[in-house]
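Chains as they are written, first to last, in the working numbering: chain A, 1 to 333; chain B, 1 to 333; chain C, 1 to 333.
In short, the hints are calculated from the structure, not lab data.
Hints may be right or wrong, so weigh each one.
[Unchecked claim] Calculated cross-link-like contacts (lysine to any residue; reagent style SDA-like; alpha-carbon spacing at most 25 Å):
| # | chain 1 | residue 1 | chain 2 | residue 2 |
| --- | --- | --- | --- | --- |
| 1 | C | K278 | B | G170 |
| 2 | C | K81 | C | T13 |
| 3 | B | K76 | C | I141 |
| 4 | C | K321 | A | G276 |
| 5 | A | K278 | C | P318 |
| 6 | B | K108 | C | N146 |
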Amino acid sequence: MNVFPVIAIGTCTTNLEGKILDVRYDLMQSKDDPIVNIRSSTASWGSDYNSLLSYYEKSKENNYEITDYSKHPRGKREREKIIIHKLEKDESIKDVKDAYLKLHLLSKKLVKPNSINLDGIFAALPNVAWTNHGPMDPMDIDRLRNNYDFLYIKSLDKFPCLTDYIIPDGVRIADAARVRLGAYLSEGTTVMHEGFVNFNAGTLGPTMIEGRISAGVTIGANSDLGGGCSTMGTLSGGNEIKISVGEDCLLGANSGLGIPLGDRCTIEAGLYLTGGSKVQVMDQENNVVSTVKASELASKSDLLFIRNSLSGAIQCKPNKKSVVLNDQLHTND
Amino acid sequence: MNVFPVIAIGTCTTNLEGKILDVRYDLMQSKDDPIVNIRSSTASWGSDYNSLLSYYEKSKENNYEITDYSKHPRGKREREKIIIHKLEKDESIKDVKDAYLKLHLLSKKLVKPNSINLDGIFAALPNVAWTNHGPMDPMDIDRLRNNYDFLYIKSLDKFPCLTDYIIPDGVRIADAARVRLGAYLSEGTTVMHEGFVNFNAGTLGPTMIEGRISAGVTIGANSDLGGGCSTMGTLSGGNEIKISVGEDCLLGANSGLGIPLGDRCTIEAGLYLTGGSKVQVMDQENNVVSTVKASELASKSDLLFIRNSLSGAIQCKPNKKSVVLNDQLHTND
Amino acid sequence: MNVFPVIAIGTCTTNLEGKILDVRYDLMQSKDDPIVNIRSSTASWGSDYNSLLSYYEKSKENNYEITDYSKHPRGKREREKIIIHKLEKDESIKDVKDAYLKLHLLSKKLVKPNSINLDGIFAALPNVAWTNHGPMDPMDIDRLRNNYDFLYIKSLDKFPCLTDYIIPDGVRIADAARVRLGAYLSEGTTVMHEGFVNFNAGTLGPTMIEGRISAGVTIGANSDLGGGCSTMGTLSGGNEIKISVGEDCLLGANSGLGIPLGDRCTIEAGLYLTGGSKVQVMDQENNVVSTVKASELASKSDLLFIRNSLSGAIQCKPNKKSVVLNDQLHTND
């Protein structure tokens, strides 16, 4: 899937000195694909790549700022400007406009997690105070506070919440604070209160997410992440192998996963399976046939991992029970 | 406790097409009980069941909508209507009005968890965008956004937060996003930031809740759920036995529970006790007297469950230490 | 560090009967130190201790309320009053003004966690409904609700969120609901969505916090608390030994800590180390050299704690791997 080159138009919030804090893209246009309208109320800025491209070229002298607010449903607001932005190729992220465009591409599901270059994203994103009256520079809070009845900060972070920018179809997110922009959530996904989805991570089909999906981790269709379960990330603390979960898997409550998992696998509630754990591999008759590092079982299917409650050993058995998601919980219309 | 038949009056939010998204009931009246005023500012709609009943009958021709706003403290607002609703018997849930009335009955503690019929609730509840400007249909967000200074979504879910509808007396909830309407919270309950209470679940007395109470689970008086602990639910992932915790119990931090627990039981921090775990039962002198499945110890009192840190075996001993809640933390006035 | 005596000026929110619910201090002045302006927009109330002291003495007849609103950037608002308050010595907390002044001292990092007397704080603090329109008495919600477009409750608790009062420099807090006023957060701290910091607890340098820092617990520089990890507190459930984590430590995801930790220690993901756990101490060649209670290893450095995945025993080895925080994640400007 090649979305580049891509041109997009969006609204930035700025700080009191005019520095861009965020970009809410209204539409995105890849060269050979139909336009993607992110906000239904967006007026027409052009209907094909070439008309947007000429718009883009024309805006160059104005530093790619669009000053014609007649097409914008909100009109001009304080600390806002409209910009047009182009990513010619999939290169490192250089600024806020690049970063937000790539996060929008992920959350609009135009690109899969781990498929685009996100290098430089932490350096490019400023730390923002996400308030009940919109994004603000933390330095500006004291001056802006008196403009409002009551100002409070929901989050003080480089990344915003997904739902402040994009509302995915057929998805439930019990606590919107727990899913970052840049998350890739497929239809039929339910993220419960204890669930969490980082940017560049997500679900590839209907799933029940009550645990944490770290950056870079993907969860296959019909899998269930139990309450408080952990998937090891590669940004901080974890190792360097990207974790993924296949289809029809169950990670039990408070369990943890440090290897990529195949399909139809189960991790028992409370068991943390790190890549370095030694695991007794059992046959159907519960005989130990070998002892291997968990990492050697990476991406294999039909496995059940438990900690034997008498011997304390981590064991891996053929998985007989397959996961069946509760349909009632996953019809998110 | 039979609350049926019950009549209630409440305010609905609708979407832009007039479809009901939620109901905030202002009062509820069972046939033989005093009226329950949920909002103190509610004007008098009638003082006994029969006057409400005649009001109800009269409203039939108007599809049970009340158009006289003179008695309503807020007056008529956009996307709102007042309705009167009756549940004659405890049947399956057919629509949003049914669902919200049963959730209100639970959270006003007029009925206990697991005592009423909640079949059909997922199908009856629409997925709603719970915003800082009230409930909205996700489809309407783009059109409604421009009415406000700044609109954001707190939650995208079928169930709302308890405290958007009902504020229970003598209760603390550190993060309101973590308790759903339909939770049953007794006076003296403190739900900390990592605590969670689903609908049709709750506490039967003063308790410290830093862990997760799944749908259908109840916690007895003076029990303490440690940070991040898990109680297995029956909706998703778990088994089919309803979990409960008796009085004076302690679930340690990051522990988990897959069996109903009696009184004065302790689960060691970090131990996940599933129903299928084999457990060494010890006597006072620490001798193993038998090995049983955890489910066989269901509902028994005075038990301490640990994982032996040298042998790795899950063990059950007579519990000598009883839980004493910190009074200072539980005086929630 | 002796900050007492200290004088401070702040804005209180009151309930409809005039009872103080909270205090937002604007400045604090210790006797021998420079003035600390918490809000940049604060007008000058005086530039040294003595001028504030005379201001304080003068206000006595007015019950320490300041009625001259000309110096206040917001002017007079409903349910607000400005007060001046003095703490002569570090005594037990008697009222809301005492409590908030001490919480401000902690979060402005003028005093370290566990260094001041916080006795009486739970009794002094009223339970407050923290709404999107400011702090309210839960009893007043129904009357105040109709003043607003849409009122909702973020939290129903004695303690507020840190960022409603103080925004620490160089800190990220992904979900502001998870850090209480009274938290001590050093520059370079990132508190992720699953992180939590109680009052009288915090970080002594740059740290990655994805787990829970209980009241009384401190985390040393360059340490990493993995997702969902637990540090035992002393307020509820835990034992009486104050937990701390030294520098360059890693607590794995879903792990737990019941002893104070030295420097360069690692707790394996998923392992809960309680003080009473028996631990096999190993040498470099992986031979068990002794078996001790975990509490005997308190505050020792360069230790790695794991649960042997075959024997189930908790083991302690010399720690060869030192933690390196991801610089990109910790440059929070």
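Evaluation of the provided hints:
Pair hint K278 (chain C) plus G170 (chain B) does not hold up; C-alpha atoms about 41 Å apart against a cutoff of 25 Å. Restraint check for K81 (chain C) and T13 (chain C): satisfied, since their Cα atoms lie roughly 7 Å apart, inside the 25 Å limit. Between K76 (chain B) and I141 (chain C), the direct Cα distance comes to roughly 20 Å. Compliance with the 25 Å bound is thereby established for this hinted pair. At roughly 14 Å between alpha-carbon atoms, K321 (chain C) and G276 (chain A) fall within 25 Å of each other, so this suggested pair holds.
Under the criterion of a C-alpha separation no larger than 25 Å, the hint pairing K278 (chain A) with P318 (chain C) is consistent with the structure, at around 19 Å. A hinted pair counts as satisfied when its Cα atoms are at most 25 Å apart, and K108 (chain B) with N146 (chain C) qualifies at roughly 22 Å.
Going through the hint list in order, the structure does not satisfy hint 1, though it satisfies all others.
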